[in-house]
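Visitor: Make the full structure from the sequences, and use the hints.
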Amino acid sequence: MADTMELRDIEVWDGNMAASQALRQVQVDVVAAYPITPSTPIVENYANFTANGYVDGEFVMTESEHGAMSCCIGAAAAGGRVATATSSQGFALMVETLYSASGMRLPIVLNVVNRALGAPLNVNGDHSDMYLGRDSGWIQIDCYNPQNAYDMNMIAFKVAEDHDVRLPAMVHQDGFMTSHTAQGVKTLTDEQVYNFVGEFKPMNDMLDLDHPVTHGVQTEEDWHFEHKARQQHALMTVVLPKIQTAFDEFEKLTGRKYNLVETYNMEDAEIAVVCMGTSVETAEEVSNELRAQGIKAGVVGIRVFRPWPLEQIAETLKGVKAIAALDRSSPHGTVGTLYNELAGSLFNTGTNAVLTNYIYGLGGRDLTKAHLVGIYNDLKANMDAGKPTTPLQQYIGLRGPKLSFF
Amino acid sequence: MSEIKKIKNLKEFSTSADRFEGANLLCPGCAHSIIVREVLNATNDDLILAASTGCLEVCTAVYPYTSWDASWIHIGFENGSSAVAGAEAMYKALKTKGRLKQPDRTPKFVAFGGDGATYDIGFQWISGCFERGHNMMYVCLDNEVYANTGGQRSSSTPIGASATTTPAGRVSYGEKMNKKDMMAIMAAHGAPYVAQVAPNKWKDMVAKIQKGFAAEGPVYINAMSACTTEWKFAPEDTIAISDLATDSLVFPLYEIIDGTKLNITYRPKNVIPVRDYLGAQGRFKHLFTSKYEHLIEEWQARVDAKWDYLQRREEASV
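So the protein sequences, as listed, match chains A and B. Count the first sequence with this note's numbering and you get residues 1 to 406, in order. Count the second sequence with this note's numbering and you get residues 1 to 318, in order.
Because the hints were derived from the structure by calculation, they are not lab data. Even for Gly, the Cβ is constructed at its ideal location relative to N, Cα and C. Please note: incorrect hints may appear among the correct ones.
Unchecked claim - Computed beta-carbon distance windows for the label pairs: (1) GLU191/A to ILE264/B: 51 to 61 Å; (2) ARG105/B to GLU191/A: 30 to 40 Å; (3) HIS224/A to PRO28/B: 22 to 32 Å.
What the hints assert, rightly or not - DSSO-like mimics (lysine-lysine), calculated; alpha carbons at most 27 Å apart, straight line: (4) LYS97/B to LYS201/A; (5) LYS257/A to LYS228/A; (6) LYS95/B to LYS201/A.
Guide: Here it is in structure tokens:
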């Protein structure tokens, strides 16, 4: 039996510690992991908990991230609560197995501390790794601060392990900006967390020795399509309502309210930026300052990136006249991912909103309030003109000559 | 500690209840199914199994069918070892936490992989599992070629074999590299038990599998698996070819305990020339021409040297 850890009501934790504490409190059965900056402290903290009797599950330090996720898959198929953490290159190495985990319907929780993908090698935060995972069949939940990183881990386990879902889930936080930035985090007791997530209920578990099961079969053109369709059906129809229910329960427990799509100053907003991660809170501050000047500026934060809450996004943005999609990843050959998602969400809705795309913050470069003021100014001009007054895609915060496309 | 299954004779062994069905898609004459059956039949304990992508996997678990009457998992080409290691970790966790559904039963964890999955693409994962000391058995079905994908060379393919990516031709005698010595590499991990087996020597095989199951920690079994399709011999000759392999000492049968004590477990009464083994297989046909015939003598010299080395190690008990 693992020892209980007494926590203060508010602890000063960075995003990594918040995630580690959540993993401890939900009493993960197997953590198999490989260290990589900036997610390393998640597993270091967890190793410390294990070394001091606060964890009684197995902690497996593998030889690679691919090995880590492979062990996680074997452990999850055996039948128990499983989690790991990674970033960037490690995430990229895992990608093959991410598809296996979701295709085999195994509820693993992966903390992704977002970081750029090389080359050139870079250890700082951007969303390239998060976007790389977007078609892998995992649930992807995004955090803006350490408190979110703590809370969303609980949500992820609760939803992923639901027998109607049975899909793996990623919890994303921004490398360094969230993972290594200490803030006050409101805690729950070990008992409260465990009770909220609930005891793990196995299904098709290999360790039920009286009921052998087969995981990871071969299917070709005769059955592959049907399997993938059922997987997509679960992801598309079951997950968002389950996340909403979990958010509602979580609010009752903690008073902290989360939404599939987070909104700030959006009630009567005429112009809005849509973004993820730490940029959301920066944009909120800027929108307040603009509101003081009489500009109806709002912010939309993506909380659940996969499955994409298409209808909720369209509803949120329906009265807005000019929208900026902010992408913290190089789109390499097209428009940004969020731009694409928003365009797909708004098309067919009858909106006349002008939609533009900003590429920012690659490799951990700061997004400043001044950048955001500039973006809102562009949006206001677009709204007034009723059409784009700028190139469709602009790079902001980039040194040298301005770069834009389309 | 579970009881070791007593096996009296081949008839009883071959007809005892097994957990690998004859209903599978493997080629007629494939040694894989013989080996798998011998491994599984060596124990009455519960089994948690994994297979890497390869002939065994694609031929035994094609939805909605399975040939396995035991829990089985496949993830990818390189990670059958890690799949079983993860399951073993979960077993330990649930045992500690008192959540096993059948707490009085101790399953064995076994991963199967071909030589491509073992010597090549899965090498790192296996090494990791062995270094971490998972309580598992890894069985390499060594047919010295990527058979599932049509006969490309692996690092287990021996010198002079014609493979589809190292074909024998007007200016080439086929594979140029010597077969990787996985036995030595796995023994160097300090594994409690490492053994080379062949399906024709079933008593030797069963004894080794049972020793492996009795050991605590990771166990490596290198199983020679004669491949009718890629070695190019008639399907009914699988066991005869296997006899040629073991009796020519091309596949010597031995074990290494704790990485430090080597025992030879089979000494042919009449050692046959390597030439006879090579001559029985189409993959070496081109060696029997004046241009490449010197390679047969080199083969014999290599086999003699290896046998001499194994004997010296056994004698010195190292």
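Visitor: Against each hint, give a clear statement of whether it holds in the structure.
Guide: Structure-based check of all given hints:
1. Taking 51 to 61 Å as the suggested C-beta distance range, the pair GLU191/A and ILE264/B conforms, at roughly 60 Å.
2. A C-beta distance of roughly 32 Å is found between ARG105/B and GLU191/A, which places it inside the suggested range of 30 to 40 Å.
3. About 27 Å separates the C-beta atoms of HIS224/A and PRO28/B, a value consistent with the hinted range of 22 to 32 Å.
4. The straight-line distance between the Cα atoms of LYS97/B and LYS201/A is roughly 14 Å, inside the 27 Å bound, and the hint therefore holds.
5. Taking the CA atoms of LYS257/A and LYS228/A, the gap is about 33 Å. The hint is violated against a cut of 27 Å.
6. Between LYS95/B and LYS201/A the CA atoms are separated by roughly 16 Å; this keeps the pair inside 27 Å, and the hint holds.
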